[in-house]
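Enquirer: The sequence shown begins at -11 in this note's numbering and counts up one residue at a time.
These aren't lab readings, by the way, just hints derived from the structure by calculation.
None of these values were measured; they are calculated from a predicted model.
We put the beta carbon where it would ideally sit given N, CA and C, even for glycine.
Keep in mind that a hint or two might mislead.
As the list claims (entries may be wrong) - Within a straight-line C-alpha distance of at most 30 Å, the following computed DSS-like cross-link-like pairs (lysine-lysine) qualify:
{"hint": "1", "residue 1": "K(-6)", "residue 2": "K51"}
{"hint": "2", "residue 1": "K25", "residue 2": "K84"}
{"hint": "3", "residue 1": "K52", "residue 2": "K16"}
{"hint": "4", "residue 1": "K(-2)", "residue 2": "K36"}
{"hint": "5", "residue 1": "K25", "residue 2": "K60"}
{"hint": "6", "residue 1": "K16", "residue 2": "K91"}
{"hint": "7", "residue 1": "K(-10)", "residue 2": "K91"}
{"hint": "8", "residue 1": "K3", "residue 2": "K25"}
{"hint": "9", "residue 1": "K25", "residue 2": "K51"}
{"hint": "10", "residue 1": "K25", "residue 2": "K(-10)"}
{"hint": "11", "residue 1": "K16", "residue 2": "K3"}
{"hint": "12", "residue 1": "K36", "residue 2": "K25"}
{"hint": "13", "residue 1": "K(-2)", "residue 2": "K16"}
{"hint": "14", "residue 1": "K94", "residue 2": "K19"}
{"hint": "15", "residue 1": "K52", "residue 2": "K25"}
{"hint": "16", "residue 1": "K25", "residue 2": "K94"}
{"hint": "17", "residue 1": "K(-2)", "residue 2": "K94"}
{"hint": "18", "residue 1": "K94", "residue 2": "K36"}
Said to hold, decoys possible - Computed Cβ-Cβ distance ranges for the label pairs, DEER-style:
{"hint": "19", "residue 1": "K52", "residue 2": "K25", "range": "31 to 41 Å"}
{"hint": "20", "residue 1": "N46", "residue 2": "V79", "range": "19 to 29 Å"}
{"hint": "21", "residue 1": "D21", "residue 2": "Q42", "range": "19 to 29 Å"}
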Amino acid sequence: MKTESKNYPKILRSKRESMIFFPDNIQKIQKEDIEGKSENFYEYDLIKVPDTNQQIENYELFKKENYAELRKIAYGSWQEQFEIMNEQGFVGWQDKCNEVKVKYPKTIEQQLKV
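Generate the whole structure from the sequences, applying the supplied hints.
Expert: Put into structure tokens, the structure is as follows:
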């Protein structure tokens, strides 16, 4: 889910949902307000990861320790994948899989080389 904020995003733990909200692909963007003043915002993908009492203080360590789960979430459930196939066809589903493979190569070491 794409989202944005004025403050640099942090990994947050939700006790109510037993989830961790992980901001990924963080990009700094500028927007102009009504008066034409430029303001900085951060745009990012907000990923919900099941909370298993992981450490959340270190972004890179969290990503490394939860890489397989992040990759699995990016692919989506079988139901979501079948929905893509029905709506966009087999080629649309392949495109989605290829996007995930680029964003999350099989191992984190491959991603760090990019």
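Enquirer: Is the Cα-Cα distance between K16 and K91 30 Å or less?
Expert: OK: K16 and K91 at ~19 Å, within 30 Å.
Enquirer: Within 30 Å, alpha carbon to alpha carbon, are K(-2) and K94?
Expert: Satisfied, since the Cα-Cα distance of roughly 25 Å is no more than 30 Å.
Enquirer: Given the hint that K94 pairs with K19, does the C-alpha gap stay at or below 30 Å?
Expert: violated, 36 Å
Enquirer: Can you confirm whether the C-alpha distance between K25 and K(-10) stays at or below 30 Å?
Expert: holds, 24 Å
Enquirer: Next pair to validate is K16 with K3; report whether the Cα-Cα distance is within 30 Å.
Expert: holds, 28 Å
Enquirer: Can you confirm whether the C-alpha distance between K25 and K51 stays at or below 30 Å?
Expert: violated, 35 Å
Enquirer: Need the status of pair K3, K25: alpha-carbon distance at most 30 Å?
Expert: violated, 38 Å
Enquirer: Can the restraint linking K94 and K36 be considered satisfied, given a maximum Cα separation of 30 Å?
Expert: Measuring from Cα to Cα gives roughly 20 Å; hence the hint holds.
Enquirer: Hint check: K36 vs K25, CA-CA at most 30 Å. Holds or violated?
Expert: Violated. K36 to K25 sits at ~33 Å, over the 30 Å cutoff.
Enquirer: State, for the Cβ atoms of D21 and Q42, whether the hinted interval 19 to 29 Å holds or is violated.
Expert: With a Cβ separation near 37 Å, D21 and Q42 fall outside 19 to 29 Å, so the hint is violated.
Enquirer: Given the hinted pair K52 and K16, is their Cα-Cα distance within 30 Å?
Expert: holds, 23 Å
Enquirer: Can the restraint linking K(-2) and K16 be considered satisfied, given a maximum Cα separation of 30 Å?
Expert: Holds: K(-2) and K16 sit about 14 Å apart, inside 30 Å.
The structure does not agree with the numbered hints 2, 5, 8, 9, 12, 14, 15, 16, 20, 21 stated previously, though it agrees with the rest.
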